[in-house]
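Asker: Note that the protein sequences, when read in sequence, are chains A and B. With numbering that gives the first Met the number 0 applied, the first sequence has no gaps in its numbers, which climb one by one up to 278 at the end. With numbering that gives the first Met the number 0 applied, the second sequence has no gaps in its numbers, which climb one by one up to 128 at the end.
What the hints contain is simulated information worked out from the structure, not anything from laboratory work. Certain hints may be false.
[What the hints assert, rightly or not] Here are the simulated distance ranges between beta carbons: (1) B:Pro112 with A:Lys138: 32 to 38 Å; (2) A:Gly206 with B:Asp36: 24 to 30 Å; (3) A:Asp203 with B:Thr31: 21 to 27 Å; (4) B:Asp36 with A:Gln127: 43 to 49 Å; (5) A:Gln45 with B:Thr31: 43 to 49 Å.
Note that the Cβ used here is the ideal one computed from N, Cα and C, for glycine as well.
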Amino acid sequence: MRRHRTGPELRLIALACLALVANGCANLTAIREFASTSSDAAQYSQLVVAYVETPTRLKRYELPSQSPVLERQAAERKAQREQLLLRHKLIREYMDALGQLAADGLPTYDKELDALGNAVKEAKFADQGEAAAFSAVSKILVKAVTDHWRQGKLVSLIEETDGPFQVVVGALVKVVEQGFTADVEIERVALDKYYTALQREGKDAAGLAALGEWRELREGQLKGHEATIRNYAVVLKTIAMGHHKLFESRHQLSKPEIQAEIHLHTKRLKEAFNAVAGL
Amino acid sequence: MPLTSDDAFALSKSFRDLSVSIGDFRFKNWSTLSEADRKTLEDEEWSLLNASSDMVTKAVGLTLDESQAGAQRVQRAAAAAQKAVKTLNEVRKVINVATAAVGLGAAIVSKDPGAIAKNAKAVFDAATA
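In isolation and in its complexed conformation, chain A is listed as follows (with noise of 0.2 Å):
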């Protein structure tokens, strides 16, 4: 049997929400949105491996008197994976901090905060303007963390990080844009090598035909790895228009209009980070 609400009942709901709005507390439900879907495609790193290990497939094509550069490359570009994690997973925890403060949560303490700090204090990053970005994010974050800091203090966070989060996914994104994919451009090059010369100097026409079905197979590869980057490019800056948009409009985060907005720029990152997946 459907009960009816009571003079007093309605009362007691309507001074809740006077409360709420006095703590301050608003329902930002599309910046939790957009910060868990920006902490998901951080997390995605495919990139990183594929470009670590370029030496190692390049072994395949190259003559066996390169094998020792090839090795010498592989261990220079397995000591750089970590320092090219630690960009993913400051981007990570940054938007993780967010939601949590967009939802009225504490930040949750991790470890990993520990290891960023120190990342930067071992002089991880040559370029003094990404070290400086780099550390401005993480002090950040660990002060969120101490201070305690609740959905009160998420215009700060916002305001005090735009600037330094902007540099680290800049630089990211010139990793991927120019690095990963000159990375593409050598394996093209060897991969061309490799094939003509064997093509030149085949005889057998079955033998021919397979080779040239295979070229066809590695060079699809790489095509595809080459649109991955180009779409992972276009994710980590809708993240980072996303968050510039958020600085933007920081005054007014819980106005139905900036809700909208934010919420579109959510549908474009799921959409560039589902091309990336390949859903």
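Since the structure of chain A is provided, determine the placement of chain B on it from the hints.
Answerer: Below, chain B alone, put in the same frame as chain A:
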């Protein structure tokens, strides 16, 4: 002047293009080249392609600051080498240019300013001989 990541990316492209040009020469003259010359050229091509890869590693790691590589001089040398390979018909000269360029790539990796300057000059000399 320190080498920036943009310089390293540009050098990566220069070395890659040079490797492609020498490969084009090898495949174009495939039937007239001796087995030994083909092998020598191929070796240099892979070395240059690996030098290109080294530049990408450095650009991504941003750890080139101490190398003082003189990026513009290196790029000019690589461009002269590529131009020479495109116009040269004589295999010996192409091999000389390629060998000098491989030396330049190795000098950059070793971060030795003296060796970089010396090898950049050697590339120019071989390209304009």
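Asker: Against each hint, give a clear statement of whether it holds in the structure.
Answerer: Okay, the hints, checked on the actual structure:
Take proline 112 of chain B and lysine 138 of chain A: their Cβ atoms lie about 37 Å apart, and the range 32 to 38 Å holds. Hint check: glycine 206 of chain A to aspartate 36 of chain B, Cβ distance near 26 Å, so the stated range 24 to 30 Å holds. In this structure the hint that aspartate 203 of chain A and threonine 31 of chain B lie 21 to 27 Å apart at CB holds, the actual value being about 24 Å. For aspartate 36 of chain B and glutamine 127 of chain A, the Cβ-Cβ distance of about 48 Å falls inside the hinted range of 43 to 49 Å, so the restraint holds.
Take glutamine 45 of chain A and threonine 31 of chain B: their Cβ atoms lie about 45 Å apart, and the range 43 to 49 Å holds.
Hint compliance for this structure: no hint is broken.
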